[in-house]
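Chains A and B, in that order, are what the protein sequence lines are. For the first sequence, the residue numbers in our numbering are 11 to 329. For the second sequence, the residue numbers in our numbering are 86 to 347.
What the hints contain is simulated information worked out from the structure, not anything from laboratory work. Among the hints, a few may not be true.
Computed list of lysine-lysine pairs in DSBU-like fashion (alpha-carbon distance at most 35 Å, straight line) [to be verified]:
| # | chain 1 | residue 1 | chain 2 | residue 2 |
| --- | --- | --- | --- | --- |
| 1 | B | Lys335 | B | Lys234 |
| 2 | A | Lys223 | B | Lys291 |
| 3 | B | Lys195 | B | Lys291 |
| 4 | B | Lys126 | A | Lys223 |
| 5 | B | Lys291 | B | Lys234 |
| 6 | B | Lys159 | B | Lys337 |
| 7 | B | Lys337 | B | Lys113 |
| 8 | B | Lys113 | B | Lys157 |
| 9 | B | Lys234 | B | Lys159 |
| 10 | B | Lys234 | B | Lys195 |
| 11 | B | Lys157 | B | Lys195 |
| 12 | A | Lys223 | B | Lys157 |
| 13 | A | Lys223 | B | Lys234 |
| 14 | A | Lys223 | B | Lys195 |
| 15 | A | Lys223 | B | Lys159 |
| 16 | B | Lys126 | B | Lys157 |
| 17 | B | Lys337 | B | Lys126 |
| 18 | B | Lys332 | B | Lys113 |
As the structure is a prediction and not an experimental result, all values here were calculated from the model.
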Amino acid sequence: MTVAARVDSGRSRPFVRAMRNRAGDVALAVSSGAAILLVLMILAVILGDVVIHGGRRLSLSFFFTAPTEGMTQGGIFPALFGTLAMVLLMTVAVVPVGVATAVYLHEYAPARSLLTRAVRIAVSNLAGVPSIVFGLFGLGFFIQFVGVGLDKIFHGGERVWGQPALVWAALTMAVLTLPVVIVATEEALRAVPRELREASLALGATQFQTVYKVVLPQAVPGILTGTILAISRGAGEVAPILFTGVAYFLPHLPDSLHQQFMHLGNHIYVLSTQSPDVDATKPLLYATVLVLLIVTFVLNLAAVVVRARMRRRLAGVGA
Amino acid sequence: MTMTASAHGPELTMKLTVRDLEVFYGSKRGLAPVTLDLPEKNVTALIGPSGCGKSTFLRSLNRMNELIAGCKVKGDVRLDDEPIYGPGIDPVVVRRRIGMVFQRSNPFPKSIFENVAYGLRIGGINDRGEIAERVERALSHAALWEEVKDRLQENALSLSGGQQQRLCIARALAVEPEVLLMDEPASALDPIATAHIEELIDDLSKNYTVVIVTHNMQQAARVSDWTAFFYMGELVEYDRTNIIFTKPSKPKTEDYITGRFG
Numbered sequence: 011m012t013v014a015a016r017v018d019s020g021r022s023r024p025f026v027r028a029m030r031n032r033a034g035d036v037a038l039a040v041s042s043g044a045a046i047l048l049v050l051m052i053l054a055v056i057l058g059d060v061v062i063h064g065g066r067r068l069s070l071s072f073f074f075t076a077p078t079e080g081m082t083q084g085g086i087f088p089a090l091f092g093t094l095a096m097v098l099l100m101t102v103a104v105v106p107v108g109v110a111t112a113v114y115l116h117e118y119a120p121a122r123s124l125l126t127r128a129v130r131i132a133v134s135n136l137a138g139v140p141s142i143v144f145g146l147f148g149l150g151f152f153i154q155f156v157g158v159g160l161d162k163i164f165h166g167g168e169r170v171w172g173q174p175a176l177v178w179a180a181l182t183m184a185v186l187t188l189p190v191v192i193v194a195t196e197e198a199l200r201a202v203p204r205e206l207r208e209a210s211l212a213l214g215a216t217q218f219q220t221v222y223k224v225v226l227p228q229a230v231p232g233i234l235t236g237t238i239l240a241i242s243r244g245a246g247e248v249a250p251i252l253f254t255g256v257a258y259f260l261p262h263l264p265d266s267l268h269q270q271f272m273h274l275g276n277h278i279y280v281l282s283t284q285s286p287d288v289d290a291t292k293p294l295l296y297a298t299v300l301v302l303l304i305v306t307f308v309l310n311l312a313a314v315v316v317r318a319r320m321r322r323r324l325a326g327v328g329a
Numbered sequence: 086m087t088m089t090a091s092a093h094g095p096e097l098t099m100k101l102t103v104r105d106l107e108v109f110y111g112s113k114r115g116l117a118p119v120t121l122d123l124p125e126k127n128v129t130a131l132i133g134p135s136g137c138g139k140s141t142f143l144r145s146l147n148r149m150n151e152l153i154a155g156c157k158v159k160g161d162v163r164l165d166d167e168p169i170y171g172p173g174i175d176p177v178v179v180r181r182r183i184g185m186v187f188q189r190s191n192p193f194p195k196s197i198f199e200n201v202a203y204g205l206r207i208g209g210i211n212d213r214g215e216i217a218e219r220v221e222r223a224l225s226h227a228a229l230w231e232e233v234k235d236r237l238q239e240n241a242l243s244l245s246g247g248q249q250q251r252l253c254i255a256r257a258l259a260v261e262p263e264v265l266l267m268d269e270p271a272s273a274l275d276p277i278a279t280a281h282i283e284e285l286i287d288d289l290s291k292n293y294t295v296v297i298v299t300h301n302m303q304q305a306a307r308v309s310d311w312t313a314f315f316y317m318g319e320l321v322e323y324d325r326t327n328i329i330f331t332k333p334s335k336p337k338t339e340d341y342i343t344g345r346f347g
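Let the hints inform the model, and build the full structure from the sequences given.
This is the structure we're talking about:
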């Protein structure tokens, strides 16, 4: 090999490597672009299909009337009402418990204690349990144990609470969404600067005052994020409520916590598989799916707006 | 090492007396036993290179160290003869009497007014008139009242860095502590804001016992009556500031103040 050749190859090797890197960059950009496109297309197809087929059937009366004629006519009001009631009850149950758990884990529990670790492991395992198992848990614990127990004590064994009901479905769903709220809240607490805690404590505040007046207000946007995620999950899941409170059809709205309720997700399942005349229910089915999407979207949007306003206030712009 | 200021003048009352104060982080010793007295209504500066133990010492004076996991404090600190590490002494009560200002200003993301009122409210004061009066007094005392009196409801984060630090001082003063601990209160500020804070410290020493940690030796010389020099987790020398800066008795101190290291 001549001197010149050696110099030449010495120059070209980094050049080749640079070209290969460039080719890698392009390939990565193209493939990730294609992946995004694919995701968007799937979303567009689903949404487009639902909107086109369901939009035609949507009307104010569809929202506000009950199904009629063996569910081939009428609206979805009981299912809409049931879904909203269940999600509301679930939120009322899950947010305080989830926030309290996260506050304990992050602010009070000694970081490396056995108990703290055990609770953390339990929370992450809870998140991995299939939703139908939560349904069975709700049936076994809330209905058979708590509900029947209540009946024995207060109603002389007569069945009032010991049967599938709105409250048990909401509580089962709350257990399902608990990890979401805990994890999001802990994340938010972790983001509160230590300096603020120290400032409060150095002024002679107790740990509780510091958490309540300084740390939690800072964590509110994060807690709301957790709540949003929990609501989205809770509005769409059907498996946990199958055994714990949802009804195939009810002629009237539930007027107490121990009654069964209709639910949009379950109603979709009923319309698509349990109807005597599938062709007749198809337009209704599309419209119901669209309503479920709208409900989830509106709940999300509301929470996002509240969170954005809280963030602005904390940042000192809006105040 | 034993150094008591009482030898230097019988007219001084000692606000804080520290005996064999030792601090451990896990198994590592962060501060070798320190014994010294801090005279009332005087400014004491703690100087020394980074990691020398001066902040550790400062934070043990109002029991802020115990917030750090694995931190253990030994020895005795007395505030007017009351042992602050005594059995049954609530650190919350100690911190109400010994206030603290931190290196980085840390106002709460609340209004200017609510920042100063915070310590009063958590202390159980609910009377609106009293709170308003004490907020104004604290802000005036911190030389901030004139600048903020028309914007008390604005968010504290809208203030400049120097104003934020004076707000933090006002917040600490509002609860009327007896001692004010300051951990490099001006290190993040520009020279004008620093000058403001230094004037303020001078003024505060008429009513408060001030202990200030500083990296800046000119600052220590300007603001303090007493200076303690820490090195490698030990108290090397403690004396009147003019003595420390003119004829220190330890060669290590002289090396440090003349800029030979650190």
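Q. Going through the earlier hints one by one, which of them does the structure break, listed in rising order?
A. The structure conflicts with hints 1, 9, although it agrees with all the remaining ones.
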